[in-house]
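Participant: Protein chains in written order, with the numbering used here: chain A, 136 to 589; chain B, 136 to 589.
Warning: the hint list may mix true and false statements.
The list cannot tell twin chains apart, which means a pair is met if one copy fits it or any two copies do.
Straight line, CA to CA, 20 Å or less: simulated EDC-like cross-link-like pairs of lysine to aspartate or glutamate [claimed, not checked]:
1. Lys223 with Asp304
2. Lys341 with Glu302
3. Lys266 with Asp372
4. Lys335 with Asp207
5. Lys413 with Glu302
6. Lys362 with Asp177
7. Lys266 with Asp146
8. Lys362 with Glu139
By construction, these hints were calculated from the structure, which means they are not laboratory data.
2 protein chains.
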Amino acid sequence: MHFELSKKYIDDLKKIISDHDEDAAVMLMEELHAADIAEIYDELNVDEARFLYLLLDGDKAGDVLAELEDDDRELFMKSLPSDVIARKFIDYMDSDDAADVIADLPDDRQEEVLSHIDDLEQAGDIVDLLKYNEDTAGGLMAKELISVKESWDVEKCIAEIRKIADEIDEIYYVYVVNEDNILKGILSLKRLIIAGSKKKVKDISKEDIISVKVDVEEEEVVNIARKYDLVALPVIDSIGRLVGRITIDDIVDVMQEEAEKDYQMVSGITEDVEPSDKIWVLTRARIPWLLIGLVGGIFGAQVISSYEGALAEYASMAFFIPLIAAMGGNVGVQSSSIIVQALASNSAGFDSLFKRLLKELAVALLNAVILASLIFLFSYFFYDSMALTISVSGALVIVVVFASVFGTFVPLALNRFNIDPALATGPFITTVNDITGLFIYLSLAHYTFSNLAG
Amino acid sequence: MHFELSKKYIDDLKKIISDHDEDAAVMLMEELHAADIAEIYDELNVDEARFLYLLLDGDKAGDVLAELEDDDRELFMKSLPSDVIARKFIDYMDSDDAADVIADLPDDRQEEVLSHIDDLEQAGDIVDLLKYNEDTAGGLMAKELISVKESWDVEKCIAEIRKIADEIDEIYYVYVVNEDNILKGILSLKRLIIAGSKKKVKDISKEDIISVKVDVEEEEVVNIARKYDLVALPVIDSIGRLVGRITIDDIVDVMQEEAEKDYQMVSGITEDVEPSDKIWVLTRARIPWLLIGLVGGIFGAQVISSYEGALAEYASMAFFIPLIAAMGGNVGVQSSSIIVQALASNSAGFDSLFKRLLKELAVALLNAVILASLIFLFSYFFYDSMALTISVSGALVIVVVFASVFGTFVPLALNRFNIDPALATGPFITTVNDITGLFIYLSLAHYTFSNLAG
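Please build the complete structure, drawing on both the sequences and the hints.
Facilitator: Take a look at the structure:
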């Protein structure tokens, strides 16, 4: 039903490549979907991939290049001369994919590749698309679409579709425009098929349409497409002229990227890495958060060192240092990630900042009282020190409340200043809460131990 | 271009509802997409929502119900009698959405609602769909689809589409089956339109199709649809008969749910919550991880208490307790989440467990040496204790390496036993690494301090 990559398949393929057996390679590739051929890339070195991919016919070669991971593609393109990139791949690609590929090239190579594209309309579309910021609707859209005039009838529409259908892989909607190319409506192929051939486009098209402007950010594009269950979204310029369309496959890719980015942020990884990446790439993705953790730990050491005397006297003060630090960090991550997720999916509601913080305070207090009661009971029965019991349960209440409110406030504040609120989910919140918690616990413990005398 | 919910809009709407002004409410709702009307639900109480939603015409009412969040829908349905649910909503819904709605009802109400559905074909479809596990292709698919016979010509296909197009919102593909309803190919509406009316289906349909079996898990369905850029995926039974189709909007919803679930897991939240949820729901979602953290903290306290004597003698041993605990936790979360993400997107590659762990070991050692060198330098210059400096840097190397390998191993092991590897990203890894780190650090510190005498 669909292809499953296996170790054996890869070994066989590598054998075929090392034998330079072109016929066998072509036969193998013919059975596969472009997405499968792209998936194989990870298992090959650049030379092997080049041997294989240059054997593909144009359409499939273009599709495979479009399906490659960004960093793989960049490496692969470095191994190819500009005219091969243009004539073997770019010429056959959808304009949006072609623009993405070219945008990743160094500036001087961009012009070189563009100059080798034989289809001038394609080259023009790509140059148009390169103007848009890649994180906006303009950066996502393709120029391939079918637009029809309001005044046409169904027969003329179908003739138009026949004329340019070859250039467009998938057509779900036909876009209806007026004489000035202003978007007026959409017409699904279904409606076109069930309407009689003499019907006017104006009478069967849907006028109440959802579109996005070219400069809308991609997160917003995703939210709109998802909310309204759209498979394609027309893109208009500032005066309403139809300039492109975004298809669901690109929207799904953005969704996936966004989800991965947020996930990485909360788990403290700064790059999109996979277990198959090189050791130094994996290290580079992980060291920044660890360095922040290290600096946090150094501050923590400073805080503790200022209580060195007290600790020497009352060593049991140290017992709950890890508990307090962990709870502050955990609560902060929870609070911030609930807000970040709500902001990302536009489901945060309309409460004022004050009302939100008040609610978070209530949740925090409830959590804090439950947790503090439990640790009170544990410490009371297991450690023979009232000072310790009071310190840990008292500090836990303050730490949980502080970490919750802080974890809620920071992402909301970042969002207000148009900074990605997900920045607040990782190291920053955890480290600040660790240190604050430590300080609260030790100062409370110092006071309690000194007064209750251990 | 699309609707933006505002505080003012909600206030106006609430006024209209409290005035029981049906005409004004109908007019307001007419302008809105079902997804917008569903979004308003969060801002209303159940009585207000019922007043509003019962004014909608059938198709829109069904769409709105389908768009509601699961927990909102369950509450809303409780406020309605079974015949209203059946005749006002279910009758107008797609079979997959209808089955989802009914599946959420208590068993006795399920039968009651089913008995009130006027459209017997719809009722039959729903009963069929309820048999499938909701996390499989069968649970995602709808029965509404257009199937045509191989032997038909284009004209007959179009006649068939005209006949049943009303029942199906969106049609992108027509499915080609043989006399036994075995899926043989697909035909896009585009191909249907550009082909002449006398062409045979067999000659223009695509035979190399991607389909899924009913019992395939939804994660797999998502991966297939995303990989091959499909907007609809036919579902077949064990002998290849066409039984339904899954559309991209449902696939996008599953993607979103999966991403949110993984995100919640790594940030320590056990339910799908939003800031607008009730205080006790938010607390309930957060307390489990905090309890695990608390138990971890208690174990940590036990570990430290066994070094109480040493701490009383060498109080500076305590300085780096938070650093070691934080680093163990952070490294573990990083390692496990890289693996979890790769497993989720099927990009984990084919390396053996041993090879993976070996690679993780290399990454870990590189990280560990960098971090330990830094902390060595800091401690050497800022704290006048060689014992402390050796303890913290030595322990850091061991902790980082242990946490990395453990964080990589656990999700891989869970995955091998078909347990969701994301379980390993949250509290479990962090807590185990915290305690292990503490133990390593304190035992090393105890040894070093005793031998170097502070």
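Participant: Hints first: check each against the structure and report whether it holds.
Facilitator: Comparing the hints with the structure gives:
Within a single copy, lysine 223 and aspartate 304 get their C-alpha atoms as close as 18 Å, which meets the 20 Å cut-off; across copies the closest is 40 Å, which misses it. For a Cα distance limit of 20 Å, the shortest separation of lysine 341 from glutamate 302 across copies, 18 Å, qualifies, whereas the shortest one inside one copy, 25 Å, does not. Proximity of lysine 266 to aspartate 372 under the C-alpha cut-off of 20 Å is restricted to the intra-copy arrangement: shortest distance 13 Å within a copy versus 48 Å between copies. Taking the shortest Cα distances, lysine 335 and aspartate 207 never come within 20 Å of each other, neither inside one copy (48 Å) nor across copies (43 Å).
Taking CA atoms no more than 20 Å apart as the test, lysine 413 paired with glutamate 302 passes in neither setting, with 39 Å inside one copy and 52 Å between copies. For the homomeric pair lysine 362 and aspartate 177, the shortest alpha-carbon distance between copies (15 Å) is at most 20 Å, but the shortest distance inside one copy (34 Å) is not. For the homomeric pair lysine 266 and aspartate 146, neither the shortest alpha-carbon distance inside one copy (43 Å) nor that between copies (42 Å) is at most 20 Å. When the C-alpha separation of lysine 362 and glutamate 139 is checked against a cutoff of 20 Å, the pair qualifies only between copies, where the shortest distance is 12 Å, while the shortest distance within a copy is 33 Å.
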